[in-house]
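Protein chains: 2
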Amino acid sequence: MVQPSLSRRGADAPASPIRRLAPFADAARARGVHVHQLNIGQPDIHTSSTMLAAYRSYSDDVVAYSPSQGTLALRTALAGYYGDNGLHGDLAPVTPDQVLVTVGGSEALLFTIAAACDPGDNILVAEPYYTNYRGFAHLLGCDVVPVPTYAAERFAVKAERVRERVNARTRAVVLPSPGNPTGAVLDRKGLADIGAVCVERGLFMVVDEVYREFVYRPDLVGSVSPSALSVPGLEDVAVVIDSVSKRYSACGARVGCLVTRNASFYAACLCFAQARLSPPTVDQFAAEAALKTPAAELRANIQAYQRRRDVVVAGLNAIDGVSCPTPEGAFYLVADLPVEDAEAFCRFLLDDFDLDGETLMLAPAEGFYATPGAGRSQVRVAYVLDIPALERCLAILEAGLAAYAQRA
Amino acid sequence: MVQPSLSRRGADAPASPIRRLAPFADAARARGVHVHQLNIGQPDIHTSSTMLAAYRSYSDDVVAYSPSQGTLALRTALAGYYGDNGLHGDLAPVTPDQVLVTVGGSEALLFTIAAACDPGDNILVAEPYYTNYRGFAHLLGCDVVPVPTYAAERFAVKAERVRERVNARTRAVVLPSPGNPTGAVLDRKGLADIGAVCVERGLFMVVDEVYREFVYRPDLVGSVSPSALSVPGLEDVAVVIDSVSKRYSACGARVGCLVTRNASFYAACLCFAQARLSPPTVDQFAAEAALKTPAAELRANIQAYQRRRDVVVAGLNAIDGVSCPTPEGAFYLVADLPVEDAEAFCRFLLDDFDLDGETLMLAPAEGFYATPGAGRSQVRVAYVLDIPALERCLAILEAGLAAYAQRA
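Chains as they are written, first to last, in our numbering: chain A, 1 to 408; chain B, 1 to 408.
If we strip away everything but chain A, and leave its shape as in the complex, we get:
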């Protein structure tokens, strides 16, 4: 008799740094402590009104499989949205057969990494990175190679640093813009410069643009962040990841897509998609309705995030020893705390601290770095609560840091 053993990828699978403190938050709640959650990008903002109405009006008698690439209606609606927002710049508009609907942006990342990389290959990611890039690479037997970015440079991704890190097994660069966890936004020149490295070295350029409306720089407000789909010369190289999760505050709908003009890349991803049959059908119907969300509703949401950002950035930098640059997009920031080990401090907040019965859950940033020891004093903050709650969180953080410094 032989005990079956886990695969190495199973045994070594990284727990999500965003989610792995959840049991300690549950324990705090069980003690009657209210836990404000700034660890995860789950906004309190209501889901798109047209989307909610669509769920409630679903009238088919059979919730059937959809085509593996998603319904034609949703792919057509998405292509229309990309065109309306000028994502293609001076290039040809995106067509529905360049859009492959996936189970959230998550599955788009899985298919994209698999179509670019074999086991042992790697992807370049700007560090600190969206942690699930590593999760999917790991699942597929691939590595992430970090390209450093720095708070002092507002976490800007520099093309020359990307070039330096390319090695013989590198197959793609995977970047979010606007950035998670840093909030950094790539401008047109930044995209073109990194794109030039990709073209020079034969890499796919994968840009995760799920926060494109969440931009706060004066020249971008009311518009969208520049898209990799608009850069001439990247037609065969660019793959864009998208999702309805953030734009329509519908994280639980699990509808996203990948967009590419590279037909053989699309065909490979479609084969992967056929294996899992289809994305969820009712959610696709609701996502189609989400694309009809009134512009004023979306604009009000973005403005709410901008006000939240301003409150949180000012409040954090006002706390002794805490610092963060002002993010230009998304709804995250990376803050440096006056502690040696931010994970231990985050545990302390959940296990041993409350301010009048309330505490705070943050995401330790070390899990967003591959470089050993990097980010140990940092946390990611998702400013996804209303301003009174965020002000309360700032007070809890300040009191928590003071109490932590005075432990035995």
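By construction, these hints were calculated from the structure, which means they are not laboratory data.
The reader is advised that the hints may include incorrect statements.
DMTMM-like cross-link-like pairs, simulated, lysine to aspartate or glutamate; straight-line CA separation at most 25 Å [what the hints assert, rightly or not]: (1) A:Lys292 x A:Asp60; (2) A:Lys292 x B:Asp60; (3) B:Lys292 x A:Asp61.
As the structure is a computational prediction, the values presented were derived from the model and not from experiment.
Add chain B to chain A, keeping to what the hints say.
Positioned in the frame of chain A, the structure of chain B alone reads:
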């Protein structure tokens, strides 16, 4: 400048034999021909009434992420359903923390193969196999090793043949019961015998039980097929795949799960699950309601399938040169046709044939075999239409075979 190239797994990704003829069916429809679809397990049966009502009553304002392992409410409801159906036999009942909710049974297979296998490892599958076992293994850099079964033995899976095929890189046996595409059902002894091989050789035993209510053998009617969760000695080895797709005729809901008593296996799968954040939230809410489907409604559906099976099996065996054994479960069968190349014949039905403006889409069975040349004269038939439509399909098949034999 270097053109980026697809990974080998991307370039070699197998198109689904169930779905790859879809463009030819679309072309037939564009010519005005009605295409009866027996190629895919998409029933015409209405989705569970309680489930449909739940979609229409969803009332949260924010469609938020759920926990990565699924909502506690759904996991508790699933554990209750397993208990009510006695899946555990004489062993301890399944608990909610042994249930991990996934995006359909598909994702449960992905996580399970990844937790068992590293790139280069293999899984044993009974041939003809559910084609997506191969799709997921391929995506993960793993191989499938076929264990042959034969129409003359009603496609029964024999433990001694499983044992013969185990090699140094084998990590799991993956079997559906009731079987897709064959309809074969493993009895308790069959499960125990194959389980003994797994225990002897240190393999996980993964049983895909999504059709457990679809059983037509007199001793099983009104009950469920025996579960791997009931076999003593397999506690650390057994992983069960489940889904609401077939039981509640809700293929598009994309809610499934994996069930295992092996805590470290569960923990590895949970890490994979965290990378994709969560299964769809509204669909989980609907799935919870599906578990309250009136028993009479489910029973009527199963009885409808049994009548369909009887019509199709009798009708197929009455056509000159066509033969199939009587399947004991699920809603598929594998039939042998009097043609050399069933894929060419399936294309002929779509491209060059109609009977009074109607034709038929079948799944060529060769894609369900890894052994070269095996299954070339076979098709998979999903008896998922009502009896008048099935009778029409039988007439189309008979006329199509006659026309095909008389081509130039």
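Quick rundown of the hints versus the structure:
With a CA separation close to 21 Å, the supplied pair lysine 292 (chain A) and aspartate 60 (chain A) stays within the 25 Å bound. Only pairs whose Cα atoms come within 25 Å are accepted, and lysine 292 (chain A) paired with aspartate 60 (chain B) is accepted, the gap being roughly 20 Å. Pair hint lysine 292 (chain B) plus aspartate 61 (chain A) holds up; C-alpha atoms about 17 Å apart against a cutoff of 25 Å.
Comparing the model with each earlier hint shows no violations; every hint is respected.
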